[in-house]
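Chemist: Once you have looked at the hints, place chain B on chain A.
As given, the protein sequences belong to chains A and B, one line each in that order.
Going by the working numbering, the first sequence opens with residue 1, and the numbers climb by one from there.
Going by the working numbering, the second sequence opens with residue 1, and the numbers climb by one from there.
Quick caveat, the hints were computed from the structure, so don't treat them as lab data.
Idealized CB from N, CA, C, for every residue including glycine.
A couple of the hints might just be wrong.
Stated by the list, open to error - Covered, in the sense of this in silico footprint (three residues per stretch, anywhere, with C-beta under 8 Å from a C-beta of chain B), are these stretches of chain A:
{"no.": "1", "stretch": "69-77"}
{"no.": "2", "stretch": "118-124"}
{"no.": "3", "stretch": "132-141"}
Number of protein chains: 2
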Amino acid sequence: MGEFDLIRRYFQRPAGDGVEVGVGDDCAVLAPTPGARWLVSSDMLVEGRHFLSTVDPARLGHKALAVNLSDLAACGATPRGFTLALALPRVDEAWLAGFSRGLLALADAHGCPLVGGDTTQGPLNLCITVFGEAPAGQALLRGGARAGDEVWVSGTLGDARLALEVFRGTAALAGDGFEAVRAAMERPAPRVALGQALRGIATSAIDVSDGLLGDLGHILAASRVGARIDADALPRSAVLAAQPLALQRQCGLAGGDDYELVFTAPPGARLPDVGVALTRIGTLEAEPGLRVVDARGAALEHGLRSFDHFRA
Amino acid sequence: MGEFDLIRRYFQRPAGDGVEVGVGDDCAVLAPTPGARWLVSSDMLVEGRHFLSTVDPARLGHKALAVNLSDLAACGATPRGFTLALALPRVDEAWLAGFSRGLLALADAHGCPLVGGDTTQGPLNLCITVFGEAPAGQALLRGGARAGDEVWVSGTLGDARLALEVFRGTAALAGDGFEAVRAAMERPAPRVALGQALRGIATSAIDVSDGLLGDLGHILAASRVGARIDADALPRSAVLAAQPLALQRQCGLAGGDDYELVFTAPPGARLPDVGVALTRIGTLEAEPGLRVVDARGAALEHGLRSFDHFRA
Numbered sequence: 001m002g003e004f005d006l007i008r009r010y011f012q013r014p015a016g017d018g019v020e021v022g023v024g025d026d027c028a029v030l031a032p033t034p035g036a037r038w039l040v041s042s043d044m045l046v047e048g049r050h051f052l053s054t055v056d057p058a059r060l061g062h063k064a065l066a067v068n069l070s071d072l073a074a075c076g077a078t079p080r081g082f083t084l085a086l087a088l089p090r091v092d093e094a095w096l097a098g099f100s101r102g103l104l105a106l107a108d109a110h111g112c113p114l115v116g117g118d119t120t121q122g123p124l125n126l127c128i129t130v131f132g133e134a135p136a137g138q139a140l141l142r143g144g145a146r147a148g149d150e151v152w153v154s155g156t157l158g159d160a161r162l163a164l165e166v167f168r169g170t171a172a173l174a175g176d177g178f179e180a181v182r183a184a185m186e187r188p189a190p191r192v193a194l195g196q197a198l199r200g201i202a203t204s205a206i207d208v209s210d211g212l213l214g215d216l217g218h219i220l221a222a223s224r225v226g227a228r229i230d231a232d233a234l235p236r237s238a239v240l241a242a243q244p245l246a247l248q249r250q251c252g253l254a255g256g257d258d259y260e261l262v263f264t265a266p267p268g269a270r271l272p273d274v275g276v277a278l279t280r281i282g283t284l285e286a287e288p289g290l291r292v293v294d295a296r297g298a299a300l301e302h303g304l305r306s307f308d309h310f311r312a
Numbered sequence: 001m002g003e004f005d006l007i008r009r010y011f012q013r014p015a016g017d018g019v020e021v022g023v024g025d026d027c028a029v030l031a032p033t034p035g036a037r038w039l040v041s042s043d044m045l046v047e048g049r050h051f052l053s054t055v056d057p058a059r060l061g062h063k064a065l066a067v068n069l070s071d072l073a074a075c076g077a078t079p080r081g082f083t084l085a086l087a088l089p090r091v092d093e094a095w096l097a098g099f100s101r102g103l104l105a106l107a108d109a110h111g112c113p114l115v116g117g118d119t120t121q122g123p124l125n126l127c128i129t130v131f132g133e134a135p136a137g138q139a140l141l142r143g144g145a146r147a148g149d150e151v152w153v154s155g156t157l158g159d160a161r162l163a164l165e166v167f168r169g170t171a172a173l174a175g176d177g178f179e180a181v182r183a184a185m186e187r188p189a190p191r192v193a194l195g196q197a198l199r200g201i202a203t204s205a206i207d208v209s210d211g212l213l214g215d216l217g218h219i220l221a222a223s224r225v226g227a228r229i230d231a232d233a234l235p236r237s238a239v240l241a242a243q244p245l246a247l248q249r250q251c252g253l254a255g256g257d258d259y260e261l262v263f264t265a266p267p268g269a270r271l272p273d274v275g276v277a278l279t280r281i282g283t284l285e286a287e288p289g290l291r292v293v294d295a296r297g298a299a300l301e302h303g304l305r306s307f308d309h310f311r312a
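Chain A with its partners taken away, still in its complex shape (with noise of 0.2 Å):
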């Protein structure tokens, strides 16, 4: 099967909506939202160091753009389309078959298409770019948040970093318990309403996806503000909080991988409901740096890095 088949069989769908001209000609064409601002964002996949060889096709497709509309929703945007390209060592038309499968399955969930893309021979990689709109002046952005403003988190974190920790041998899980640790890794759920709904509420946002200590930092030092946060207050699943406390906070606070939203609002804020649980952790100080407490107020010695590519 040459280039063209491929991107026809497994890729190629008919344009939808504010679609134009989709996969098959040079460019996509789509037709902004009037008065509308344009968001962009882009992340590359690795074999080795973003998943696993042995993780499923589907599994892989749906993260893939997973944690790119994560980005999205981390600015309250409103997904518009993607484009998909992909370095293959060869043609696997099972591995294909599965792969778009996932992938498709959430681009239809968040009516984001797929618009076009690259197709190459390489050692496996995928870059997926992806554009959302927000309306002029309401994107969610890292330098709004000031001191006295809470900090809030959605969902759960941990599950993925405890995972992680299973497949190296470092944590022990079997059962249902691996698998829903191992779900939360393979298929994150973008939090893509929850960031449209938090626009004109939020001060600031941004996505867990390097552990929650190190993206915090990227809001402190955009904003200027520094933070106490309660390591006890972080949700967590049922499976991580049975785990070592020790490796409770390792997960929580610098796993990474989690694609949740933390953001910032005002203390009395009416947060949105929009089926996700939302838990406050913190609090934003005038004073530079990230303290982190326990329960009790004791200062933790987290001495956590988050993830960094060229680093860890």
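Modeler: Structure of chain B alone, referenced to chain A:
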């Protein structure tokens, strides 16, 4: 040097016109021109397949963006910005300095700022997604050509392929001649101004990336027409014209990597003068298929295939 230092040092620039948020948040935020359509294209470049490991990093930076701008050019779009996702085996500052210099010089020349992206560790892989604009209904597409239209090509064809043949050892060339064709391969000039000038004039367009016959074939398929092409009319450089005729035809008709525009226009259309040579190479016909003839009208058995990443 960590991931974020790397981005700041080599890739972060102040946000420019129409870029409300550039590198450094979860998404870039751009302001579309009212009424314009948004055009998107994505290309992935892999070492050993799209470029040689010996390529000068500044030229690679240039080419990585040039091939994407060429897709915008083929659609008649005005560049607005791009994202870069980069997998690197290791942090090599000399390489990054050269690469970003070549990349950003071309970006500046076309007013097309780098607005975001991703960096990770992995086998060398470059993925650029480029965004542009065109007035509603004016994007140049593959499907608008009609029987009777003339077929035109910009610049010259075949030099990049000739350079590749020299690298492969199947053609011999030295000195200035080699440097000229090597520059054609490594520093293609995307025909952005020409593409925009062809809006409302050309009935279809595509850029020559996989080889003239293959790329023209996409126009014929999308427009449901055939074509008669005069192989001897193909514009070629003095360096290529000094090669054996069979090699000239191979390089010109099926070379690829040219990044010239091939477009169709009705006879008598007033073609724009943007300082790029335009050569008429044939005519569209109602009869399906692609007929290649010589200057005397005799049919050539070309049997030339265009480049396919999973067949070549």
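Chemist: Looking at the structure, which of the earlier hints fail to hold?
Modeler: Violated: none.
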